[in-house]
Amino acid sequence: MPIAVVQTSTHINRDVWREILCYFRFSPNKNELEDGVHNHVEIKQRALLSVALTCLELAELALDEIWRTMTTIEPVVKVFGGSFRFCPEGYWEVDMSPTGLDVLASRVQTYLKRIQYLHFQCFPSYKQLSMWQTLCSLMKVTVLCPNLRKLYLDLQDFTPTREPLLFPTISASLEVISFINVGEGSDTAVYAVLNVVRAHNVRLTEITYHGTLDHKRLRQVLLFSSLRSMAVLPTEVRPALLSGSELSRITELQALRQVELDMSSISGSAESLLGQQLSNLPVLLTLILHGTPGEIENCIFNENTDESSATGFPSLQYLLVKFKSQPQALIRRKSLFSHIASRFPKIHTLDIEKIGADGRDKTKEPPRLKSVLDLKPRLMKKIKIAGIPFDLDAEGVIALLRAWPQLEDLSLHPPQSPGGYPAPVVLSYICSHNSALRSLGLPLDLSVLRHPSITPLKTSQLVCPLMRLDLFETEPPSLTVKEKLDVVRNLLAYFPRLSVIRGPNTGSDMAADLQAMLTAFRDIIAFPPSRPDRLFRLP
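Heads up, the sequence shown is in the numbering used here, so the first residue is 8 and it goes up one at a time.
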């Protein structure tokens, strides 16, 4: 990812360059490794550092991006050199004159003002926590990063009595906070941090809570009426499951746009009530639920409510359901997709997954894929079904694509797909009919594409902008290098924009080989080699 900055006497448009440098921004909670070859985080950091060192006018913009996201604040102490050090006795020592200290402290402050996201994958050590207090004393401030917007705290290694050491990270600009791996010993940190946040009138817009949950902690989370996104994922609920009265405050969070909940924390009598409360949120766009088919049914389908009078979710656009057991009975008995279409009039993205293992599926007759067509009244853009047995066939897939020509993402990943079905049948239809599809995941048998005799369609007939292909075949055919090259060539004949091929898991050799060949093909297309005539002249 090289980048070159040429200094000229002309004026540099900082607004344009600010947008360009945003492409080198990274997030520590996302996988930045591609194909196990390049570390994108390091590449992006080197690119930003190159800009800062080679162009004086862009140095400030590049430094803003370099310091925007940090996993530790320790690098800032390098400004002091050897005059600022941690002593074996457990405290920080500063050895310089007051004048020099003020100058360096001012420089440190400029760096800390750039930090907008602190991501602590492991809870900070005492060395780092005490450093925060020392820096605050040197700079004569109470808030370490005044422009901090996001704070991620993993409390697994939290030590009690260290709550006050976290307070310098709480700024008035804080919007997003995540508590991960909260346990019995770390709940005091949650209380302390949220109390300070409220005391400073900080308007949080997003909270993520993962760990042991009780009524008091849930109440703390629900006290922020400014929330636009909330995720509560308990690993354990004590002393009892949450009741309807404890969930009633959800209706007061009128700004909520995204909600993620694990139904295992909610009592059976409160499941239907929770669904009614969620449906009353006026701007709810995204709903993510974890639970058993029965829990999900009671929550969003209101089993005890007459369907004609049942309240739907008028604003919801994205529904993700993670079933903890197979939902075939719900699909058949409750006509799952028909109910989704009636309950969510504005839905355009549906993601249904089976998570975890509960033994072999005992269903002798899996639901037919065409049952998904019950969603036809809705303008679907993305459909993903993973881990749920369906009677997959090429005819059913084509029927889905014909029903929604505007579909952008289709992923059908059954739990077992040893054989797959012939790729040309589906791919020939997609490349000439689906002008919006950009991502496709199917258990395809690509062995048919190993023959170079496959006749591609005319360029004028290729309308599909497909860029990503996920292969879910668990037992891919054994192909030679020459056959794999032919497969990639034929895939590019179908989809000229194809740039990513992924397998069912990261260790898929077949998919990795196809991706490497695809990358080589695309590099040649993007940067064709020159051909000096003198090398091809006859002697």
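Treat the hints as calculated values from the structure; they're not laboratory data.
There may be inaccurate statements among the hints.
Unchecked claim - Cross-link-like lysine to any residue pairs, in silico, SDA-like; alpha carbons within 25 Å at most: (1) 85 x 56; (2) 157 x 292; (3) 491 x 472; (4) 329 x 442; (5) 51 x 99; (6) 388 x 157; (7) 157 x 174; (8) 134 x 99.
Stated by the list, open to error - Quick list of the computed label-pair ranges, beta carbon to beta carbon: (9) 179 x 375: 49 to 59 Å; (10) 327 x 256: 19 to 29 Å; (11) 179 x 290: 21 to 31 Å; (12) 255 x 128: 29 to 39 Å; (13) 180 x 290: 32 to 42 Å; (14) 384 x 129: 26 to 36 Å; (15) 222 x 287: 43 to 53 Å; (16) 432 x 163: 45 to 55 Å; (17) 66 x 222: 46 to 56 Å; (18) 48 x 180: 20 to 30 Å; (19) 327 x 35: 20 to 30 Å; (20) 49 x 143: 37 to 47 Å; (21) 106 x 474: 49 to 59 Å; (22) 324 x 250: 48 to 58 Å.
Where a beta carbon is used, it is the ideal one built from N, C-alpha and C, also for glycine.
Quick rundown of the hints versus the structure:
For the given pair, residue 85 sits about 17 Å from residue 56 by alpha-carbon distance, which is consistent with the 25 Å threshold. For the hint linking residue 157 to residue 292, the alpha-carbon distance of about 22 Å falls within 25 Å, and the restraint holds. Restraint check for residue 491 and residue 472: the C-alpha separation of about 22 Å stays at or below 25 Å, so the hint holds. Simply put, residue 329 and residue 442 have alpha-carbon atoms about 30 Å apart, too far for the 25 Å limit, and the pair is violated.
For the proposed pair residue 51 and residue 99, the alpha carbon gap of about 33 Å is over 25 Å, so the pair is violated. Pair hint residue 388 plus residue 157 does not hold up; C-alpha atoms about 31 Å apart against a cutoff of 25 Å. For a cut-off of 25 Å, the pair hint linking residue 157 to residue 174 stands: about 14 Å separates their Cα positions. The straight-line distance between the Cα atoms of residue 134 and residue 99 is roughly 8 Å, inside the 25 Å bound, and the hint therefore holds.
For the pair residue 179 and residue 375, the supplied restraint of 49 to 59 Å holds, since their beta-carbon distance comes to about 56 Å. With their beta carbons about 23 Å apart, residue 327 and residue 256 fall inside the hinted range of 19 to 29 Å. A beta carbon spacing of about 25 Å between residue 179 and residue 290 agrees with the range 21 to 31 Å that was offered as a hint. Between residue 255 and residue 128 the beta carbon distance is about 35 Å. The supplied range of 29 to 39 Å therefore holds.
A beta carbon spacing of about 23 Å between residue 180 and residue 290 contradicts the range 32 to 42 Å that was offered as a hint. Remark: the range hint 26 to 36 Å for residue 384 to residue 129 is contradicted by a beta-carbon distance near 49 Å. Between residue 222 and residue 287 the CB atoms are about 22 Å apart, so this pair departs from the stated range of 43 to 53 Å. The given range of 45 to 55 Å is respected by residue 432 and residue 163, whose C-beta atoms sit roughly 50 Å from each other.
Separated by about 51 Å at the C-beta atoms, residue 66 and residue 222 satisfy the suggested range of 46 to 56 Å. Checking the proposed 20 to 30 Å range against residue 48 and residue 180 shows it holds: the Cβ atoms sit about 25 Å from each other. A beta carbon spacing of about 23 Å between residue 327 and residue 35 agrees with the range 20 to 30 Å that was offered as a hint. At about 31 Å, the beta-carbon gap between residue 49 and residue 143 misses the expected band of 37 to 47 Å.
Separated by about 58 Å at the C-beta atoms, residue 106 and residue 474 satisfy the suggested range of 49 to 59 Å. One distance hint, 48 to 58 Å for the beta-carbon pair residue 324 and residue 250, is violated here, with the actual separation near 30 Å.
Hint compliance for this structure: hints 4, 5, 6, 13, 14, 15, 20, 22 are not met, and every other hint is.
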